[in-house]
Each structure stands twice: as C-alpha cells, then as structure tokens.
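Chemist: Starting from the given sequences, assemble the full structure and let the hints guide the process.
Below, each chain spelled out in residue letters.
2 protein chains.
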Amino acid sequence: MAESTTEAAPVVTAAILVIGDEILSGRTKDKNIGYIAEYCTNIGVDIREVRIVPDIEEEIVAAVNALRVRYDHVFSTGGIGPTHDDITADSMAKAFGVTIDYDPRAVAILSAHYEPGQLNEARMRMTRIPAGADLILNSVSKAPGFTIGNVHVMAGVPSIMQAMFDEVAAKIPTGAKMLSRTVPVGMGEGRIAKKLGEIQLDYPDVSIGSYPKMLDGSFATDIVLRSRDAERLDQAARDVEAMVAAMMQATS
Amino acid sequence: MAESTTEAAPVVTAAILVIGDEILSGRTKDKNIGYIAEYCTNIGVDIREVRIVPDIEEEIVAAVNALRVRYDHVFSTGGIGPTHDDITADSMAKAFGVTIDYDPRAVAILSAHYEPGQLNEARMRMTRIPAGADLILNSVSKAPGFTIGNVHVMAGVPSIMQAMFDEVAAKIPTGAKMLSRTVPVGMGEGRIAKKLGEIQLDYPDVSIGSYPKMLDGSFATDIVLRSRDAERLDQAARDVEAMVAAMMQATS
Numbered sequence: 000m001a002e003s004t005t006e007a008a009p010v011v012t013a014a015i016l017v018i019g020d021e022i023l024s025g026r027t028k029d030k031n032i033g034y035i036a037e038y039c040t041n042i043g044v045d046i047r048e049v050r051i052v053p054d055i056e057e058e059i060v061a062a063v064n065a066l067r068v069r070y071d072h073v074f075s076t077g078g079i080g081p082t083h084d085d086i087t088a089d090s091m092a093k094a095f096g097v098t099i100d101y102d103p104r105a106v107a108i109l110s111a112h113y114e115p116g117q118l119n120e121a122r123m124r125m126t127r128i129p130a131g132a133d134l135i136l137n138s139v140s141k142a143p144g145f146t147i148g149n150v151h152v153m154a155g156v157p158s159i160m161q162a163m164f165d166e167v168a169a170k171i172p173t174g175a176k177m178l179s180r181t182v183p184v185g186m187g188e189g190r191i192a193k194k195l196g197e198i199q200l201d202y203p204d205v206s207i208g209s210y211p212k213m214l215d216g217s218f219a220t221d222i223v224l225r226s227r228d229a230e231r232l233d234q235a236a237r238d239v240e241a242m243v244a245a246m247m248q249a250t251s
Numbered sequence: 000m001a002e003s004t005t006e007a008a009p010v011v012t013a014a015i016l017v018i019g020d021e022i023l024s025g026r027t028k029d030k031n032i033g034y035i036a037e038y039c040t041n042i043g044v045d046i047r048e049v050r051i052v053p054d055i056e057e058e059i060v061a062a063v064n065a066l067r068v069r070y071d072h073v074f075s076t077g078g079i080g081p082t083h084d085d086i087t088a089d090s091m092a093k094a095f096g097v098t099i100d101y102d103p104r105a106v107a108i109l110s111a112h113y114e115p116g117q118l119n120e121a122r123m124r125m126t127r128i129p130a131g132a133d134l135i136l137n138s139v140s141k142a143p144g145f146t147i148g149n150v151h152v153m154a155g156v157p158s159i160m161q162a163m164f165d166e167v168a169a170k171i172p173t174g175a176k177m178l179s180r181t182v183p184v185g186m187g188e189g190r191i192a193k194k195l196g197e198i199q200l201d202y203p204d205v206s207i208g209s210y211p212k213m214l215d216g217s218f219a220t221d222i223v224l225r226s227r228d229a230e231r232l233d234q235a236a237r238d239v240e241a242m243v244a245a246m247m248q249a250t251s
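Those protein sequence lines, which keep their order, are chains A and B. With numbering that gives the first Met the number 0 applied, the first sequence has no gaps in its numbers, which climb one by one up to 251 at the end. With numbering that gives the first Met the number 0 applied, the second sequence has no gaps in its numbers, which climb one by one up to 251 at the end.
No wet-lab data here; the hints were simulated from the structure. There may be inaccurate statements among the hints.
To be verified - With the C-beta cut set under 7 Å, the calculated list includes, among others, these residues of chain A facing chain B:
#1 E21
#2 L23
#3 K28
#4 E37
#5 P81
#6 A121
Only a predicted model underlies this, so the values are computations on that prediction, with no experimental measurement involved. Positions of the beta carbon are idealized from the N, C-alpha and C atoms, including for glycine.
Modeler: Rendered as structure tokens:
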C-alpha cells in the first residue's frame, strides 16, 4: 500500500498581526483576519495564532518579535499610511534592528502616481521602508507594503490589503493543503458528542471539530473534519455520517 | 477652574482571548471581538489586546497566563461545549493550577433544563467548572460560563456569548468612559496628515486617529478623536474641524 503523501510537502505555518486602535475600540470591525485565514487554508498555509495590538511601538515590536520566531510567516495589517498614528514601518525596523529611510523604489512609484506638487511630506512618509525589505506592490492605492525577513507588512484597508495579499501569496512557498469535509447535523452537539469523541480517537490524523449554531431558534451542529490525507479524511467523514444517521434513526 | 475629572475613575483594561480552530482556519468568521470591543468602549473598559489561539491546551494556558497578569480582565470565548474539542474549562483550571470537577450548581441548572435521561455524559461535560470559579448564567442555552480570578470564560456562539457578556459587564467595575468624536473628511488622509500631526502634538491627552477608507472609488478619511476629558475632546475636535475647513477652502 502506498505511503501517505502528507510528508511530501511540509506544513507551512503563519500568524496574523493586526495593528490598530480602531479595531480594539470596536469602531472598525476587522475584516482582514477572516479573509487571510480562509485564503491561507485554501493555499495550504496554517494560521496558528492571531494578535491584535494598539498603535504603540513597543507593543508592535514585542508582538512581531514573538510571532516571527515562532511561525514561518507573519502577515501584518494596518498602520502604514501617511498620518502620525501610522507607526508600523518604524516599529518593524526597530523589531528587526535595521534603519529606515525613504526608499528610492517607493519614491519612484508615488512620484509617478501623484500630480506634480501632490507628493507632500505626509505622503512621503509612505515611502519610508526598513533597510533590506522588498516592496509589496498594490494597484489600488499604489503606496507599497513590504516584506522584511518573514514578515509581510500590509495596509489595513481591506481592498488594499487584499491586493497586497495576492502579491504575497504568489511569492511564499505553500505547504500541503489542508482538506476539509463538513457534515451538517440537525441536532445539538450534546446528542452526538460521545460517539464523535470515539471517532476522533480512531483518527488521530484527522482533526474533528464540532461547531454548534442556532438555526431558527434551535441548536444545530456542523461537524468539520480536516486532514491533509484525502483517504483518511474520506474514511472519517463516512464514519461520522454513519454515526449521525444512526442517531437520527434512533430518535425519529 | 474645575480640575479634570479623569483621575476620579481609574482606567480599566482588558484583553480578549478567542479560542478555536474554526476561527484560525477562516471557516467561521469571528463576530465576538468587534461586539465585545464596542461594548467595552461604551462601558469604559479599554481593550488593549486580542489573541486568537487554537484548541490546544498548552496554547490556551500560555495565552491566558500572559494576558491575565497584564490586564484587569480577560474575556475568553469558545471551547466550553460538550464535545471532545471543547477543552477551555480544563485549560483554565490548568492555567490557574486548580482542580476541575462537576459543579453542583451547574449540574442543578442543566438537570432542570433537560428532559429526564437527556443529560448524558457529553452534556455533563458542560458542568465541569474549575474550583473556586463563579458561574456566568445564560438564558439561551442554560449551560453556564464561569469567572475564575479575573478571567471570564464564555461560549463562542454569538447569541450565547452576548447573553453571558451582559452578566459579566454588570458585575465588573468599569472605568472612566472613553469619549469619542468623528470628523468625516472628504479627501484622502495624505492631504491633511501634516496638520493633523501638529494638532496631535497640541493635545497629548487626546488620541487622534486617522482612518482612510474607499468611498465610491476615491479615498475619504474619518478622523476619530478619543479622550476621557470631554472639554479637551471638544477643543481638539474644533481644531480639527477648522483645519479641515481651511484645507477644503484652499482646494476648492
């Protein structure tokens, strides 16, 4: 029998770092975490942790340094605009212990974009890039993000972030894709929990999650199975479906 | 002149800890962070940090222990249901170094709620509460959350979490309420950034944030001013409005 192919492509891990007082105050509802998380699942990158921190340099530095040593990649969003509260680029330079200055490549991009006289001091702030970083281009606002080491620094505005993430995703090596199956169950998870736990013990290589939800005022459950091994995933999903069918039978 | 009243009520800080693989995979889009953050702003609690971690005991323990020593409160969501992947209660007991067992108060609640014979082994898992914790009641699912030390452990399903958060918010002391004003600006932030930074220097006690957004394909900006001092907030907002009016005048 053929060996499992899951070892062929290594697992690629990542964290998301959201930077911004407006998210912590609840004024702006983050839309980037869910977008990046779903995107990463589809391309075979495992998001293992997310942090949201305020616009305070020492907090940004501490978070990015904790995350970048622990995961293959860090995706940051927010704080790279032209105003005084945009301190992400300087914070990243500090975290990596490098200098930061006006980047000729970034200056060229914004010089071409703005009308003569419009590239003022504030907008020039957006061309400050830590030494050694590569630019992340974006077609929406033109002002670039950057990749320094394994940290990919992107804008917070979703449309811009999404354009930047396409650039980032095209460049990073991705891992074995996580496959998933969802088994919808028309009852609360308390009824199936015990047998589901037994199936989980049979499949240590398949992650089986149980997600309750309210549906028209009563509980329903989605059983989500995830694995990088398609065959084992199929087997486990069949076992769960059979278990659910038996439970429905028993209670009908 | 009356002294500022901001010292009368101390600042109350908090962090949010979201627990769940389904958020990190992007399958479920979190709705609790924005809800709790906005709620806290309204009652005078400052959310200073958010973390999202997977359903892995050591990750939960590490995160809650890092957050609970640093902030006045920690609000956790997720992982307190009846299935094998619901490991939050056990992880909290471990983080606090206390035992965990079936809690007579929780057993009484669920015994009253379920039909005879329906309170099975899996549902009984939801009555496991760390020693010394207080229950957080909820009218939606009945299964309680709990408060241990300064950590408030709630469900992940938004309707249940929201019911629990009402209970929590009613019990914790809150601080001086953060007040805010928004000044909408019909142009990109690059045009106003320099003068806005100068106003920020005049008001170290007012946090001035600049939030760009796309509006019908062009950039617009919301200037958000936040302070616990109503008078200073008013002054700063007037200065920003005057600056914006002058800029609009200059460019019209």
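Chemist: Each hint: holds or not?
Modeler: Hints, verified against the model:
no.	hint	result
1	E21	holds, 6 Å
2	L23	holds, 5 Å
3	K28	holds, 4 Å
4	E37	holds, 3 Å
5	P81	holds, 4 Å
6	A121	holds, 3 Å
Checked against the numbered hints above, the structure violates none of them.
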